[in-house]
Amino acid sequence: MLDAFDFETQGKPTITICHDTFERAARHHATALGLPDLPLLVEPAPRAGNLTTNAGELAEGGLERVVAALTAR
Amino acid sequence: MATLTSPAQDVADFWEWHELALKNGWTDGLLVAPPTEERVTRIIDYLGRDGREVIGAVGPRDGLATIEQVAINCAMAGCEPEHVPVVLAALEAMLEPEFNLHGVQATTNPCAPLVIVSGPIVAELGFNAKEGAFGGGSRANACVGRAVRLILWNIGGGIPGETDMSSQGQPAKYLFCAAENAEQSPWQPLHVERGLRPEQSAVTVFACQSPAPLFVPGNAERILRIIAGTLPTTGINMFHAAGQLLLSFGAKPAQELARAGYSKADVKRWVWENARYEVGSLRRSGVLVEGEAHMYYWGHGEEQAPDLARLPDDSRLPMVRGPEMLHVAVIGGASQWWMGLSPGWGNYGGYAVTKPIRGPRTS
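Chains A and B are the protein sequences, given in the same order.
Quick note: the first sequence, position 6, residue 5 per numbering that gives the first Met the number 0, numbers continuous.
Quick note: the second sequence, position 225, residue 224 per numbering that gives the first Met the number 0, numbers continuous.
Keep in mind that a hint or two might mislead.
Selected chain A positions facing chain B (Cβ under 7 Å, derived; list incomplete) [as the list claims (entries may be wrong)]:
| hint | residue |
| --- | --- |
| 1 | 10 |
| 2 | 13 |
| 3 | 20 |
| 4 | 24 |
| 5 | 27 |
What follows is a list of derived Cβ distance ranges for each label pair [what the hints assert, rightly or not]:
| hint | chain 1 | residue 1 | chain 2 | residue 2 | range |
| --- | --- | --- | --- | --- | --- |
| 6 | B | 49 | A | 33 | 20 to 28 Å |
| 7 | A | 55 | B | 264 | 41 to 49 Å |
| 8 | A | 62 | B | 44 | 51 to 59 Å |
What the hints contain is simulated information worked out from the structure, not anything from laboratory work.
The beta carbon of each residue, even a glycine, is placed where N, CA and C say it ideally should be.
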């Protein structure tokens, strides 16, 4: 979050990846930093049994959204 | 005399203050004392420090902990000025990188920073290190523990459901401060073991769960075997995240272990070598599943975690990386064979940090 804050305040677009468990926490933190609209890429938190089977799929899907977020502005 | 920079508000009486504190989120629900100008100034003057001096940024909000802000929270916790250097040492410890305070505050784990006070200041300020050391009965334990919590709340912004995502929390999130019972301990004090001099006073901060009580009656061998039989359970945090673990001995079992020749280091080594998981048992019970083992045993990011797929059934897995990841302290009286087990947060942080308590500046 602090790295994203540093980049954003330098005018460089960011996207911060976080687990869904911590989405509210990330949004509160971003708001506290003065960037309530900081872009977040929210991924489901790994739960026992799903990490090894879904990790590649999650990463591929996430990559597209990361690129889109960084090139949209 | 210190000049305060924080805005002041007039209130008619204590209950108006209490409602104001609740409305503004200055308390987690418990009553707090009004931090009057007189009480806050008295603390800062005692410390002999500039109220604007910054101790550090407290996560997750990254609020700046100035001497004045710390003094305000200490006043709300009911501290006398003499208690505040203990709080400051605890804060300095929590701000060290290995403690990962942001993570400790935000994690889904119920851990809370435990402040263990050791050295001459325990007797000087009347910390309770004997019967009920983890509970009530001492202003020093109560106000130091409470001040640390209020700093984490008001400056750090560790608010449940907002930034603190602990699924259940724990009562120790209200306050968590105990002292080491050096008077009845047969062993080296915690702060000396961790590099300070015996005549120094210190705090050791460790993010952990409230002590789960273990009843360990008998001779040394029996005490150790009960510990070894109790610790390696699959629901304990160590199983999926390793990290560190605190064994807080009441004075009675500690004295019995020492009488049999066990030092603190001996106890740590024995527990590390004997409190282990059997791979075959874990496989047969369905707890450990090939391909998912990284999700269960020693968790994410632990590079030293063994490759479980290659281990035969008769392998015995340690709970933590090494004996040095076990902490031993004597906390509590000699009235019975009780001890406490406090798992830490795991290999994500919250590791024990020790800081000396510095007295007020006189120049």
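Against the structure, the hints come out as follows:
Against a cut-off of 7 Å between C-beta atoms, the interface hint on residue 10 of chain A is violated, since the closest Cβ of chain B lies about 21 Å away. Proximity of residue 13 of chain A to chain B is violated relative to the hint, the smallest CB-CB distance being about 17 Å (cut-off 7 Å). Of the supplied interface hints, the one on residue 20 of chain A holds, with its beta-carbon coming within about 6 Å of a beta-carbon of chain B, less than 7 Å. Interface restraint check for residue 24 of chain A: the shortest CB-CB distance to chain B comes to about 5 Å, inside 7 Å, so the restraint holds.
Here the hint on residue 27 of chain A is kept, as its CB sits about 5 Å from the closest CB of chain B, short of 7 Å. For residue 49 of chain B and residue 33 of chain A, the hinted distance range of 20 to 28 Å is satisfied, since their beta carbons lie about 27 Å from each other. For the pair residue 55 of chain A and residue 264 of chain B, the beta carbons lie near 45 Å from each other, so the given range of 41 to 49 Å is met. Distance hint for residue 62 of chain A and residue 44 of chain B: a CB-CB separation of about 58 Å, consistent with the stated range 51 to 59 Å.
Checked against the numbered hints above, the structure violates hints 1, 2; every other hint is satisfied.
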